[in-house]
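Here's the letter readout for the chains.
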Amino acid sequence: MNEQHHDQSPPPQRMRVSLFVTCLADLFRPSVAFASIKLLEQAGCEVMVPLQQTCCGQPAYNSGDYEATVPLAQQVIALLETADYVVVPSGSCAGMICHHYPKLLQGEWRDRALKLAAKTFELTVFLKDIARIEPQRNNPPSTLSVTYHDSCAGLREMSIKEQPRQLLRELCGIEINELEQSEVCCGFGGTFCAKMPEISGKMVNDKLDHALATGAKILAGGDLGCLLNIAGRAQRLGQEIEVRHIAELLSGDMDTSPIGEGR
Amino acid sequence: MEQHSDTFLDNASEALKNTGQAERRDKIALFASQIRTAAIDSFEGFDDLRHHVKKIRQHSLDNLDYYLSQFEKEAVHNGNQVHFARDSEEFNSLVLDICQQHDARRIAKGKSIVTEETGLNSFLQSAGLNVMETDLGEYIIQQAGETPSHIVSPALHKSANEIRELFQQKHDLGHRELQKTSDLVAEARNVLREHFLQAEVGVIGANALIAENGYSMLVTNEGNGDLCANLPKVLIICTTIDRVLPRAEDATAMSRLLARSATGQPHSCYTSFYSGPRREGEIDGPLETHFVLLDNERSNILSSDYREILECIRCGACLNHCPIYTSVGGHAYGSAYSGPIGSVLTPLLTSLEQSHLLPNACTSCGRCAEVCPANIPLPDLLRDLRHEEGIKKLSAPRWRYGLKLHSWLARHPSIYQTLTATSIRILHRLGRKRGGFSRLPFTSGWTSQRDFPAPQENTFMQLYKAKMKQNNER
Ligand code: SF4
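Sequences listed follow chains E and V, in order. Taking the numbering used here, the leading residue of the first sequence gets 69, the next gets one more, and so forth. Taking the numbering used here, the leading residue of the second sequence gets 15, the next gets one more, and so forth.
Treat the hints with care, since some could be wrong.
[Stated by the list, open to error] List time: in silico SDA-like cross-link candidates among lysine to any residue, alpha-carbon distance up to 20 Å:
(1) K194(V) - F210(V)
(2) K196(E) - E114(E)
(3) K171(E) - P391(V)
(4) K171(E) - G93(V)
(5) K106(E) - M482(V)
(6) K406(V) - L419(V)
(7) K285(E) - E329(E)
(8) K229(E) - A284(E)
(9) K263(E) - D24(V)
(10) K483(V) - L119(E)
(11) K184(V) - A262(V)
(12) K106(E) - R205(E)
(13) K106(E) - Q476(V)
(14) K68(V) - A262(V)
(15) K106(E) - Q484(V)
(16) K407(V) - E135(E)
(17) K263(E) - D394(V)
(18) K263(E) - T461(V)
(19) K247(V) - G93(V)
(20) K481(V) - E114(E)
(21) K196(E) - A185(E)
Everything labelled a hint here was simulated from the structure, so no lab data went into it.
Let the hints inform the model, and build the full structure from the sequences given.
Structure representation (structure tokens):
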């Protein structure tokens, strides 16, 4: 009973996708999840959102509290394992499910984790490589100058590199204005940014400097943790750069204000 | 090992204040990663070699007893004396004993991070010996009275200007100005040459011990190791028990990974093998040679969940690619080993109590594991140490309990969703105008550096459920 069909009358053979919203999108930016649903539907999927979802457990896990993470991981597995596909608009949450659950769990739960891992994908990877979304023209205008932050877990755990760039090209006609040292961490690191604020501050400053140096109007990325970090720093310094999740750009949903900007 | 890891945050803060140094570190890091990438991109077999060497390292460690005794047997057969030291104290005393047996006053020393770990220099010096580091970087920091800031390039933190000033202070330069970098090198070389000729004992490290023939291998770029090894009458080779490999070809396979990962070179300038004392009819070489092999917790690490850390080949790539190391520099870690390798090794060699901050100096970005030629899952090991930190209750209680509370809430979706719906609405109301908060209770770490972006009006779950309800009513 914890699943709701988003589209009531799916034609046959549509891919049935469960969306794992992620806690940051749930709490800070629902627009990311709605944009993801829109994109998945455009790609011909039937989207379901399991209603009992909360968080994948990264905060406790990354802090080394495995005992607190195990039951949460089991809860997420039980919630999602009946899906055909699970799509996550975050590289690090997808990495948590795909790589860290199987490491964390043992025995039968490990097997279940591995099965779930095999059908779990980050949003841009799923759209591009699995659902093969047709090139189409969504807003925003292709004249937008956009730079892209490769979040570390997405890049290294989920091999996300070309997919968001290809999608921006095919769906929006946007060519990325690449930032220097794009593969270096932005200093978020979950609790790291609060435990070691000065070091994290230096790192996010560097990232912001590189982003500003591109002259881009928008910085996009696939992980809200990094984006909140970078947006917060830009806000602190009064720098004018719009920070947005890639799903918002791809879906053409540019009505919401960028992360950390008032209205 | 003298250690200041407990003050990591203060050390880091100090380091960040020196913006000139910080900028230099950024430039060096960028350069180091560029030369490594270039070296590895132009070498097709890198990944295969990495797997190959990993298997050998695992095999050697699985059979460490066997290979160590084979090494000992062969080395003794070659005329060496082999000593084992349980800890730093034993290690330092063994080296001192050998020096004293020969009435040595002057020691010429090649680079050895192991002797940094044991604090050998200050130990020998307090016994009245004159110890001179002969690797340029080590020489510089010895003159400056500092510790290494990098396991491969110990004086990485020093600019040419700083080195010039140091030599002006410490050397009798007369009118010489040492304008060019090559002048600085020549100056150090002159001073060191004297020392090489006078030293009674040479001390060097080893990158590998070869079980099948009892040799040791040393890779350097300056050739100073060979002078330390061949000019003095007595040679002491210092390393740790985990360096042993079965065959000579295993050592050379490893050195191909090492040079590319460390400095982007296909080979280091000198790769030397030391077999033992001068044999009859030979015209040079030491008359007596010793191996002093340190354990210092490595046997314990071997039987722990952290054993993979012993597969490290000490290339320094994880340091060069760690955004935290490159932000704060090596000294902040307060240990001979810095960067990701240091953050794993230091707590294991000393205690987690003293150094539990180090495993937290990590964003899990994974860049270290990506470049590590030994394929060591450094972020996993660091997280495991954080796990232990939690079990030992070394981390701040507000974090421990805060995260437990969060997990508990996340396991109770209806409470979680009700609670978050309310708090998000409040946060949104308070922050919507400005778009964020410059201060907020419980977020001082975050807001010390950046604003806290305000959330959108409602949680997704709230909006989505409302939408479902609407659809159903329709
Ligand atoms: S851990 Fe890996 S990257 Fe770091 S020094 Fe050792 S071998 Fe090199």
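Going down the list of hints, with the structure as the test:
A hinted pair counts as satisfied when its Cα atoms are at most 20 Å apart, and K194(V) with F210(V) does not qualify at roughly 24 Å. About 16 Å separates the Cα atoms of K196(E) and E114(E), which keeps this hinted pair within 20 Å; it holds. Between K171(E) and P391(V) the alpha-carbon distance is near 12 Å, which keeps this suggested pair within the 20 Å criterion. Proximity of K171(E) to G93(V) is assessed by CA-CA distance (about 48 Å); at most 20 Å being required, the pair is judged violated.
Distance restraint check for K106(E) and M482(V): the Cα-Cα separation of roughly 15 Å lies within the 20 Å cut-off, and the hinted pair is therefore satisfied. A threshold of 20 Å between alpha carbons decides the hint, and for K406(V) with L419(V) the separation of about 19 Å falls inside it, so the pair holds. For the proposed pair K285(E) and E329(E), the alpha carbon gap of about 14 Å is at most 20 Å, so the pair holds. Distance check on the hinted pair: K229(E) and A284(E) sit about 19 Å apart at the alpha-carbon level, within 20 Å; holds.
Of the supplied pair hints, the one linking K263(E) and D24(V) holds, its CA atoms being roughly 13 Å apart against a limit of 20 Å. A hinted pair counts as satisfied when its Cα atoms are at most 20 Å apart, and K483(V) with L119(E) qualifies at roughly 13 Å. A C-alpha spacing of about 42 Å is found between K184(V) and A262(V), which places the hinted pair above 20 Å, so the restraint is violated. Restraint check for K106(E) and R205(E): satisfied, since their Cα atoms lie roughly 14 Å apart, inside the 20 Å limit.
A hinted pair counts as satisfied when its Cα atoms are at most 20 Å apart, and K106(E) with Q476(V) qualifies at roughly 18 Å. A C-alpha spacing of about 16 Å is found between K68(V) and A262(V), which places the hinted pair at or below 20 Å, so the restraint holds. A C-alpha spacing of about 18 Å is found between K106(E) and Q484(V), which places the hinted pair at or below 20 Å, so the restraint holds. At roughly 14 Å between alpha-carbon atoms, K407(V) and E135(E) fall within 20 Å of each other, so this suggested pair holds.
Restraint check for K263(E) and D394(V): the C-alpha separation of about 19 Å stays at or below 20 Å, so the hint holds. A hinted pair counts as satisfied when its Cα atoms are at most 20 Å apart, and K263(E) with T461(V) qualifies at roughly 12 Å. The suggested pairing of K247(V) with G93(V) holds, with an alpha-carbon distance near 14 Å, which does not exceed 20 Å. Of the pairs offered as hints, the one joining K481(V) and E114(E) holds, with about 17 Å between alpha carbons and a cut-off of 20 Å not exceeded.
As the CA atoms of K196(E) and A185(E) are separated by approximately 18 Å, the hinted pair is consistent with the 20 Å bound.
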